[in-house]
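Colleague: Those sequence lines, one after another, are chains A and B.
Take 1 as the starting number for the first sequence in UniProt numbering and just add one per residue.
Take 1 as the starting number for the second sequence in UniProt numbering and just add one per residue.
Among the hints, a few may not be true.
To be verified - As a list, the in silico SDA-like pairs of lysine to any residue whose alpha-carbon atoms are at most 25 angstroms apart:
{"id": "1", "chain 1": "A", "residue 1": "33", "chain 2": "A", "residue 2": "19"}
{"id": "2", "chain 1": "B", "residue 1": "121", "chain 2": "A", "residue 2": "60"}
{"id": "3", "chain 1": "A", "residue 1": "33", "chain 2": "B", "residue 2": "28"}
{"id": "4", "chain 1": "B", "residue 1": "163", "chain 2": "A", "residue 2": "56"}
{"id": "5", "chain 1": "B", "residue 1": "117", "chain 2": "A", "residue 2": "57"}
{"id": "6", "chain 1": "A", "residue 1": "45", "chain 2": "B", "residue 2": "160"}
{"id": "7", "chain 1": "B", "residue 1": "163", "chain 2": "B", "residue 2": "148"}
{"id": "8", "chain 1": "B", "residue 1": "117", "chain 2": "A", "residue 2": "40"}
{"id": "9", "chain 1": "A", "residue 1": "66", "chain 2": "B", "residue 2": "118"}
{"id": "10", "chain 1": "A", "residue 1": "48", "chain 2": "B", "residue 2": "166"}
{"id": "11", "chain 1": "B", "residue 1": "121", "chain 2": "B", "residue 2": "44"}
{"id": "12", "chain 1": "B", "residue 1": "46", "chain 2": "B", "residue 2": "143"}
{"id": "13", "chain 1": "A", "residue 1": "66", "chain 2": "B", "residue 2": "43"}
{"id": "14", "chain 1": "A", "residue 1": "41", "chain 2": "B", "residue 2": "148"}
{"id": "15", "chain 1": "B", "residue 1": "88", "chain 2": "A", "residue 2": "45"}
{"id": "16", "chain 1": "B", "residue 1": "121", "chain 2": "A", "residue 2": "19"}
{"id": "17", "chain 1": "A", "residue 1": "48", "chain 2": "B", "residue 2": "148"}
{"id": "18", "chain 1": "A", "residue 1": "33", "chain 2": "B", "residue 2": "121"}
{"id": "19", "chain 1": "A", "residue 1": "45", "chain 2": "B", "residue 2": "128"}
{"id": "20", "chain 1": "B", "residue 1": "117", "chain 2": "A", "residue 2": "19"}
{"id": "21", "chain 1": "A", "residue 1": "45", "chain 2": "B", "residue 2": "40"}
{"id": "22", "chain 1": "A", "residue 1": "33", "chain 2": "B", "residue 2": "44"}
No lab work stands behind these hints: they were computed from the structure.
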Amino acid sequence: MAAPSPIPAGISKEQAFSMAQTEMEYRVELFNKLAQTCFVKCVDKRYKENELNMGENSCIDRCVSKYWQVNGMVGQLLSAGKPPPQ
Amino acid sequence: MSNDSSAEPAAGSSGSNESVTKIEPIRMPTIEEMRAQEVWNNCAVKSVASGVMGGGLGLMMGLFMGALDNPIMHDTMTGRQQFVYTAKQMGQRSWSSCKTFAVMGLVYSAAECIVEKARAKHDIINTAVAGCVTGGAMSARGGPKAACMGCVGFATFSVLIEKFFDRHT
Chain A
1 MAAPSPIPAG ISKEQAFSMA QTEMEYRVEL FNKLAQTCFV KCVDKRYKEN
51 ELNMGENSCI DRCVSKYWQV NGMVGQLLSA GKPPPQ
Chain B
1 MSNDSSAEPA AGSSGSNESV TKIEPIRMPT IEEMRAQEVW NNCAVKSVAS
51 GVMGGGLGLM MGLFMGALDN PIMHDTMTGR QQFVYTAKQM GQRSWSSCKT
101 FAVMGLVYSA AECIVEKARA KHDIINTAVA GCVTGGAMSA RGGPKAACMG
151 CVGFATFSVL IEKFFDRHT
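Just chain A, with the same shape it has in the complex (with noise of 0.2 angstroms):
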């Protein structure tokens, strides 16, 4: 998704690597947690056919801009929180 950022200056290459791991997983977490609730909320369950309509589509737009949104706001308030790296 995003072109790799280069390692900074005195962090080891595990630790790098630990962090990429770290990194990673929480990607991974955010695309299974947002794909999961838009279809909980966007998707009616007596399946009609196979593909999804356009109501479903808007749906879908909307709630993925939602969630990527607060996502973003969410974290930058988060990190805004943390101490000033030394």
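Dock chain B against chain A, hints included.
Modeller: Below, chain B without anything else, positioned relative to chain A:
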């Protein structure tokens, strides 16, 4: 990412005569498939296609009705003149019917598409509102009362047709 990519081969039960449906792995749509689906998601494309189909249907219906409805006047015209006259009647009839049905299809499809996109839900209310808009627009020439009647009538009609098709799918 949750990705079910396990392929289960068809387990043929012993002694069964019918063909067992093979279970295939889930394929994610490619970017070209998604772009092709996006074309039909567009309200303008959908309504124009509906209008064209409505026009075709109106043409067929108009030809049929025009052919049925010709006065046979043996005394005043010869056979060839009668044929020409009948053909002209059929053409006029089918052209006007084609226009009516094309407009009807276009307005209905556009209204349903816009309402469904705005509400983000797939309901029977979308068809009712779209039917009302279509009926009202088509009978707007007769004044507000005719528009109301047209709205209610066409909305009922589209809801019934939708329910009829829904039962069989």
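Colleague: Need the list of violated hint numbers for this structure, in ascending order.
Modeller: Numbers 12, 14, 15, 16, 17, 20 and 22, in rising order.
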